[in-house]
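Undergrad: Chain by chain, the residues run as shown.
There are 2 protein chains.
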Amino acid sequence: MIVALAGGVGGAKLAEGLAAVVSGDLSVVVNTGDDFEHFGLAVSPDLDTVMYTLAGIANAETGWGLAGETWGFLDQATRLGGPAWFRIGDRDLATHVLRTERLRRGENLTSITADLCRRLGIKARILPMSDGPVRTVVHTPEGALAFQEYFVRRRCEVAVTGFTFDGADRARPTEEVRSALQHPALAAIVICPSNPFVSIDPILAVPGLKDLLRESRVPIMAVSPIIGGAAVKGPAAKMMRELGREVSAATVAAYYRDLVDGIVIDEADAGLASHIEAMEMAVLIVPTLMRSSADRRALALGCLDFARDLVMKAVAQ
Amino acid sequence: MIVALAGGVGGAKLAEGLAAVVSGDLSVVVNTGDDFEHFGLAVSPDLDTVMYTLAGIANAETGWGLAGETWGFLDQATRLGGPAWFRIGDRDLATHVLRTERLRRGENLTSITADLCRRLGIKARILPMSDGPVRTVVHTPEGALAFQEYFVRRRCEVAVTGFTFDGADRARPTEEVRSALQHPALAAIVICPSNPFVSIDPILAVPGLKDLLRESRVPIMAVSPIIGGAAVKGPAAKMMRELGREVSAATVAAYYRDLVDGIVIDEADAGLASHIEAMEMAVLIVPTLMRSSADRRALALGCLDFARDLVMKAVAQ
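Taken in order, these protein sequences are the chains called A and B.
For the first sequence, our numbering assigns the number 1 to the initial residue and increments by one for each residue that follows.
For the second sequence, our numbering assigns the number 1001 to the initial residue and increments by one for each residue that follows.
These are computed hints drawn from the structure, not numbers from a lab.
The hints are all genuine.
To spell it out: a stretch of chain A is covered by chain B in this simulated footprint if at least three of its residues, at any positions, have a beta carbon under 8 Å from a beta carbon of chain B; those stretches are:
1) 34-43
2) 72-85
3) 96-104
4) 114-125
Ideal Cβ placement from N, Cα and C applies to all residues, glycine included.
Turn these sequences into a full structure, and let the hints steer you where they fit.
TA: Next up, the structure:
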């Protein structure tokens, strides 16, 4: 049994690879700090990206939304004065409308997500990091911005100075997340190649979650979202730079050093291995760029092998 | 200035004709007894049929929804376990989502409808009969059914024994409806060829509305939705039969006799004129079947002429 922590696109890709190769259960704990209300509907971008990817219905070109989408709703809503900056497709809208209705009736996000996954034929457990709302706030010289304002409306153009996670102090790990991390059959925890600042940190900000990771006594590894000094997708590299850090897989390693046993870096970053090992972390060097399903499976298998190595190493010591 | 009372399809058609020929203002007071919540969204079928028809974007074939509609939302929502019995198209959904969001923020239905109409380029005022909820309940030997349960889900197949209008006792005419009916320039009130039991009666059930009609001192006329002993569309004839009445334009006349000065019947029913006149109502005999836009305009012009005749007749007496 494997637990993965994931944000959006990069996390979803590795989750897909893990789902294909893990023989036992896979639980993916997903960031909900990106969640927001739009058109009065509860939108959970990272949950949906992971869900659509594992269901095989994601739009591979855009990295968000559904393949074969239509846009009648947004076209008409814009005509009627609604906002156009966040693009919701007609099929995607079904998720938001049904989720919103069920949340209003008092059902929790974990239960709703489980049911949607079941109907989409997804075997892996997709677990929201918490049922209580946590909202990532992006701090900038222009003031604080709600995450989607920064990410979609402003296209990450404004510089960041830091992040806070509204509501995190009142959030707590769900029973389902707790059970997954405390499961006797748990073999490894994989931090997916998602943005450390706005995809993984919100998850780690849920009080008690870091303790659950540490108490699990299984290998914890992180896959670097930085390859050759650049982010594969999204603003991770830009944020790193704006926060005054070197854009490097070594920076990712340093960021997670108190939490993880090993870090997975790309072959392009092989030269950083000794530097990272000096931080007392094991290093796995494999191709980490996931262009195809085969790439995703190969990286997932690499992570599982790495976990076995880390266990052997711990036993040997 | 003209005020029309309308339900769905038939009412919308005459409203379109009136909008084309009335030189001054046209206000259409629309039944909201059909309104219901579906997918957690506020759906107002009659308001939307009138709105889409006056905007020239209605689906003429179905009598509901928008022309050129797509169905991605409903298809995906059904896959995700949502109900499929009430068909909401992708573009249509924009109306419901935006309306629901604005209602939740505290805006009233009248104001929301006015804004949607403005954005759709509609000059006529479309006025919900009330801002407070009124819900038509259909009584049957199987028990009481919510209107859409009867109308769409059960396809009007079950026999009716009567109707009640939940919430009507707490509803009241909006300021906008009151102003329209008390306007000094008001020239006539037209009850459109809508279902008397479930389209017009809910409007008349709003406390104070009948008094406003009577106090207007302008000609009130009703256009019969029954032609040649049958309804043009919908369950009006079937209901009439089930309620033990003859399916006839004369039954419509008798139903409205305490309220209207004149009734407009189709040429096919010319033989009923003397019978109706004996009920002390004026009768206009014109083609009332509205197949084309020209038909709608011709019927609207007939109604305006009839109003003038009724005024002259009143002056002469």
